[in-house]
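Chemist: Listed below are the residues making up each chain.
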Amino acid sequence: MDTPSPSTQDLARRLLAASQSASGPHIPDGVAVIETLRISLAKFAGDAGFVSLLRRAVALAGAELPALQSVKIGENGRLDGADSAISALGDEAAVAITAHLLALLVVFVGEPLTLRLLRQSWPDTHITFKHPEADQ
Amino acid sequence: MSAQGPETPHDRVKIKQLPTGVQGLDEILGGGLPEYSFNIIAGAPGCGKTTLAHQIMFANATPERPALYFTVLGEPAIKMLRYQQQYTFFDHRMMDGAIRFINLSQLVLDQDLGAVLDAIVKEVEASNAGLVVVDSFRTVVRKAQAGASDVELQGFVQRLALHLTSWQATTFLIGEYVEGELRDNPVFTVADGLFWLYQSIERNSIVRKMQVMKLRGQESVPGLHTFRITAGGLQAFPRTFGLTDNKSVHVKGLRRISTGVRELDALMGGGIPEGDSLLVAGPSGAGKTVLGIQFIAEGLERGEPGIVAMFEELPNEFMQRAASFGFDLDKNLKDGSLKLIYLRPLDLSVDETVHEIVNAVEEIGCKRLVIDSLVGFEMALAPDFRTDFRESLYRMIGALTRRGVTIISTVEVEENFTSMGLSNFTISFLADDIVRMRYASINGQLRKIMMVVKMRRSQHSIDMYSYAVTAKGLAIGEPMRGYRGLTSGIPGPWSLESPSPPAAADRNDPNG
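If you're matching them up, the sequences are chains A and B in order.
As numbered in the numbering used here, the first sequence has no gaps in its residue numbers, which increase by one up to the final residue, 136.
As numbered in the numbering used here, the second sequence has no gaps in its residue numbers, which increase by one up to the final residue, 1512.
If you are wondering where the hints come from, they were derived from the structure by calculation, not from laboratory data.
Quantities reported herein were computed from a predicted structural model and do not represent experimental measurements.
Heads up, a few of these hints could be off.
Cut-off 27 angstroms, straight-line C-alpha distance, at most; resulting in silico cross-link-like pairs (DSSO-like, lysine-lysine) [claimed, not checked]:
1. B:1339 x B:1252
2. B:1079 x A:72
3. B:1079 x B:1014
4. B:1472 x B:1331
5. A:43 x B:1122
6. A:130 x B:1122
7. B:1079 x A:43
8. B:1339 x B:1016
9. B:1143 x A:43
10. B:1143 x B:1214
11. B:1122 x B:1339
12. B:1252 x B:1014
13. B:1334 x B:1472
14. A:72 x A:43
15. B:1122 x B:1079
Excised from the complex, chain A in its bound form (with noise of 0.2 angstroms):
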């Protein structure tokens, strides 16, 4: 799979930020904006479901970023034992992962779907994906 377009990761830069200012001091913010995609995607593609999509996201970001094929995910879709990698790795990291996450949700279910999905997870945030154009 490419590296996620421009847009795309413009958004996970967006989500992280919007997961910087609500997450509790305790929480890396990589970890947060992945703890709220999962609490969204899990309930209607189950923890299963989740986990499969992150796991291939973590294996697909760690193609650019090699730090991150030590990350290992929980079988619920957490990143127990993996803070301190995402921490490491810094905004970079949590950013190519979202931002593979949501490539893959567009890959599977279309780009209207997953920004609708996004939306019931960040009601508070402008949730769109930059026009295509800028992307070519």
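Assemble the complex: chain A is given as a structure, and chain B must be docked to it using the hints.
Modeler: Quick look at chain B alone, frame taken from chain A:
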């Protein structure tokens, strides 16, 4: 009788009917889905259960009364959304809250039926859901059967039905069942509605049928109904063809209408009685389609919209053929007074085909219909449907002629030179009137002869006439006098020893 007087229909609770969103299905159900009913959609994998449930959801869900779709160890929700959004009924906007997917797989795996019930109830109460789907409920039942008794399962189903109905939700449980499981199954016992979908393969053709096996509170159309899964989702073809109402019942034969061939009209006693079904039987090349063209053109000239349902010829070929006889029907095609229906795929269901014709008849207010030909019609059907052919044709012709549509059906007859059959398909019972064309070998020539065999309510000529297919259509010639054995196709001269042939003016008994 109550103290206030006799009970009236107004005293009874009125059950609101919800649209299914599936063309033809509301009619099969007797108007729609009973609101707050508890239903099962059953059938084998791949027969359209999930798609049907989605169509019902998209037709009814609102943000105020959303639809909850519980997935349980069946098709993963992401894949379901991926595929279902390919259907035209899928509206992304409804995913904002009107339709919600909830995954119960883990709960079913980890916990007991009580926890599953609690989870469903909690979501329904929190969302004020108007529609609930559990897919696949069979999985829930399997889990229950592994760890719980039949009584517990029955209790669970009953509590689920009770609760969802009390919360004014219309419910659909989707399950992969086989018919042998119908007996003593608590799920089916509790259900108000039981919709069974079937799919079979018959000589390379897929045949899909549905049956409403149970529906409390209203009269559904019994029997198996064909359906098709298209880009728009399921489309059902009720066996009633949408003609269940009794509007505008036509009294046949109040007037005669011209076939477009004046001499033939005269042989028929003044034309075809309006609302009759005329069968034109004859061998290939006899001019059956030409008569159909003249019949339609005559109607169009008189302002009577017409339809030609063709199964052998392409529409442009038909138009060219009509033009070659001097009938320019282009303007009629453009203004909608003429409709050509070309149906030739090899897996059509007879009901589907009939629906196409009936819809077109309704659409243009058709007065004249030509079916060219019944042989081609039958060939276009999936093999499994050919056994239903005569029955469906009978129902369609009956329904249309009752509405005043006059029908000419052509049928090719395999010619032999020993006898004269009317049709290889024994469908002459469909016809009020029959015209037979055939070849006869006379003086080294293959001559065309025509006879009116039957006019249900009137007298007609009993003469056999020679005719020709000319540049302007059929031209009726002279009565074939002086021959014997014309019906065999190999006539001989009427010998001097034989009695005289009957006079030309003789007419037969209309009811004979």
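Chemist: Taking the hints in turn, state whether each one holds.
Modeler: Going through the hints against the structure:
no.: 1; hint: B:1339 x B:1252; result: holds, 24 angstroms
no.: 2; hint: B:1079 x A:72; result: holds, 25 angstroms
no.: 3; hint: B:1079 x B:1014; result: violated, 39 angstroms
no.: 4; hint: B:1472 x B:1331; result: holds, 19 angstroms
no.: 5; hint: A:43 x B:1122; result: holds, 14 angstroms
no.: 6; hint: A:130 x B:1122; result: violated, 38 angstroms
no.: 7; hint: B:1079 x A:43; result: holds, 15 angstroms
no.: 8; hint: B:1339 x B:1016; result: violated, 38 angstroms
no.: 9; hint: B:1143 x A:43; result: holds, 21 angstroms
no.: 10; hint: B:1143 x B:1214; result: holds, 26 angstroms
no.: 11; hint: B:1122 x B:1339; result: violated, 55 angstroms
no.: 12; hint: B:1252 x B:1014; result: violated, 39 angstroms
no.: 13; hint: B:1334 x B:1472; result: holds, 23 angstroms
no.: 14; hint: A:72 x A:43; result: holds, 22 angstroms
no.: 15; hint: B:1122 x B:1079; result: holds, 26 angstroms
The earlier numbered hints that this structure contradicts are 3, 6, 8, 11 and 12.
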